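Line order of the protein sequences matches chains A and B.
For the first sequence, our numbering begins at 301 and goes up steadily by one.
For the second sequence, our numbering begins at 89 and goes up steadily by one.
Bear in mind the hints are in silico, worked out from the structure with no lab data behind them.
Among the clues, some could well be false.
[Stated by the list, open to error] Chain B regions said to be covered by chain A (calculated; three or more residues, Cβ under 8 Å): (1) 98–108; (2) 266–279.
[Stated by the list, open to error] Straight line, CA to CA, 30 Å or less: simulated DSSO-like cross-link-like pairs of lysine-lysine: (3) B:180 / B:263; (4) B:180 / B:271; (5) B:107 / A:428; (6) A:318 / B:124; (7) B:180 / B:124; (8) A:318 / B:107; (9) B:107 / A:466; (10) B:124 / B:107; (11) A:428 / A:466; (12) A:428 / B:100; (13) B:100 / A:318; (14) B:128 / B:180; (15) A:466 / B:100; (16) A:428 / B:271.
Since the model is a prediction, treat every value here as computed from it, not as a measurement.
By construction, the Cβ of each residue, glycine as well, lies at the ideal position given by its N, Cα and C atoms.
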Amino acid sequence: MPNVERSVAPNQESRFEKALGTYGSALERLARAYEADAETRRDLIQEILIALWRSLEGFDGRCSLRTWVYRVAHNTAASHVGRQLRMRKQDFVALEDVPEPADHGESEKAASHRDELAVLYELIGQLKPLDRQVMVAYLEGMDAASTAEITGLSAGNVATKIHRIKHILARRFQSRAAGAAGPGEGGRDER
Amino acid sequence: MSDESSQDDRMKELWQSQKTEGVRMSIEQVQASAGKMQRKIEFRNAREYVAAFLVVVFFGYEFSRAADLLVRAGFALLIAGVGYLVWHLISKGSWRPLPKDAGLSSCIEFKRRELERQRDLLSSVWRWYLGPLIPGMAVLLAAFFRANPGHLKHPAFIVVPEAIFFAAICFAVAKLNSNAARKLQRQIDELDEGGR
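Given the sequences, and given the hints that come with them, work out the whole structure.
This is the structure:
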């Protein structure tokens, strides 16, 4: 994740171009984390970009452009999830309530039969919007302080959540990693 | 611990190395997004115009057949109410075309103003959609009772169910529109949140 200096861009359009050029891919990944359907996701991305465009008019440089972009994007995406929730009556879980895989064998089996990214998206898709924000920020390589600034959580709370995220990811994916490192098996355990 | 750390790096690498299409935003895309809304509004209005036409044809036919002056007055008032409704829908509820030379900010502002217009339209249905039909319905009910004086002995059996039926339809229509207005308000709020 490249860093962008805190200086205020001379106008809204150049700030927007800068934000899009630097964080465009990250915004796309963020949208994927919030919306699985490709068509609806395109609308969500447009919503995020419109919100970002409008917000940059008032960008005063008191936080980094990265923090600003992520905050706007997460807020817009969280509103989107709220709307979907009302329409689909879907339930989300907190990080603390993400079920543990029954055992490593099951975890490995699941991960080896599906794309790891798909498993990761499935996991993210279960999370409540705030936990999803933390998870996405973590995967984007942000530190706890930046994540706290974006989400409005305390740094301690973010650290706890990140600890939980690491644990969940380890449980879900470590067998896969071990399998992938194994000689001559192409990353799969032949049972 | 180092295993966990390498696992972390692997997951981050997996996440960040995803293929992306490249997001962009242009006036055309904002216009396309506004266009979706426009098509929905136009479809809604077209449906209302067809319904209004059918209602006017039916009430006009009944008006021409009715011998009783009060009945004719009732149908005439209903036709006038439908006429007002259609006029209001055309003047206040049509989606205005986006100016072709508008910049990106103007496009977004334009979309916001249109959302506000539609919200105001939907949240005031009593004034322009239901209200104008009430006098005609009331006169028709009065004409019905005048033509059937026997019913006046037991008005509760006749008046109450019909009044409740009409009122229930009105409140259901008002509720549906109020819900739609709330949805539009949420979209406006989201646009405003982006602007803060």
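Taking the hints in turn, this is what the structure says about them:
1. Coverage of a stretch by a chain is defined here by at least three residues with a beta carbon nearer than 8 Å to that chain's beta carbons; for the stretch 98–108 of chain B and chain A the count is 8, and the condition holds.
2. With 3 residues having a beta carbon nearer than 8 Å to a beta carbon of chain A, the stretch 266–279 of chain B meets the requirement of three or more and the stated coverage holds.
3. Simply put, residue 180 of chain B and residue 263 of chain B have alpha-carbon atoms about 20 Å apart, close enough for the 30 Å limit, and the pair holds.
4. The straight-line distance between the Cα atoms of residue 180 of chain B and residue 271 of chain B is roughly 19 Å, inside the 30 Å bound, and the hint therefore holds.
5. Under the criterion of a C-alpha separation no larger than 30 Å, the hint pairing residue 107 of chain B with residue 428 of chain A is consistent with the structure, at around 25 Å.
6. Among the hinted pairs, residue 318 of chain A with residue 124 of chain B is consistent with the structure: their alpha-carbon atoms are about 28 Å apart, no more than 30 Å.
7. Distance check on the hinted pair: residue 180 of chain B and residue 124 of chain B sit about 19 Å apart at the alpha-carbon level, within 30 Å; holds.
8. Restraint check for residue 318 of chain A and residue 107 of chain B: satisfied, since their Cα atoms lie roughly 20 Å apart, inside the 30 Å limit.
9. The suggested pairing of residue 107 of chain B with residue 466 of chain A holds, with an alpha-carbon distance near 24 Å, which does not exceed 30 Å.
10. Restraint check for residue 124 of chain B and residue 107 of chain B: satisfied, since their Cα atoms lie roughly 28 Å apart, inside the 30 Å limit.
11. About 17 Å separates the Cα atoms of residue 428 of chain A and residue 466 of chain A, which keeps this hinted pair within 30 Å; it holds.
12. The hinted pair formed by residue 428 of chain A and residue 100 of chain B meets the criterion: a straight-line CA distance of about 20 Å does not exceed 30 Å.
13. Taking the CA atoms of residue 100 of chain B and residue 318 of chain A, the gap is near 24 Å; set against the 30 Å cutoff, the hint holds.
14. As the CA atoms of residue 128 of chain B and residue 180 of chain B are separated by approximately 16 Å, the hinted pair is consistent with the 30 Å bound.
15. A C-alpha spacing of about 11 Å is found between residue 466 of chain A and residue 100 of chain B, which places the hinted pair at or below 30 Å, so the restraint holds.
16. About 22 Å separates the Cα atoms of residue 428 of chain A and residue 271 of chain B, which keeps this hinted pair within 30 Å; it holds.
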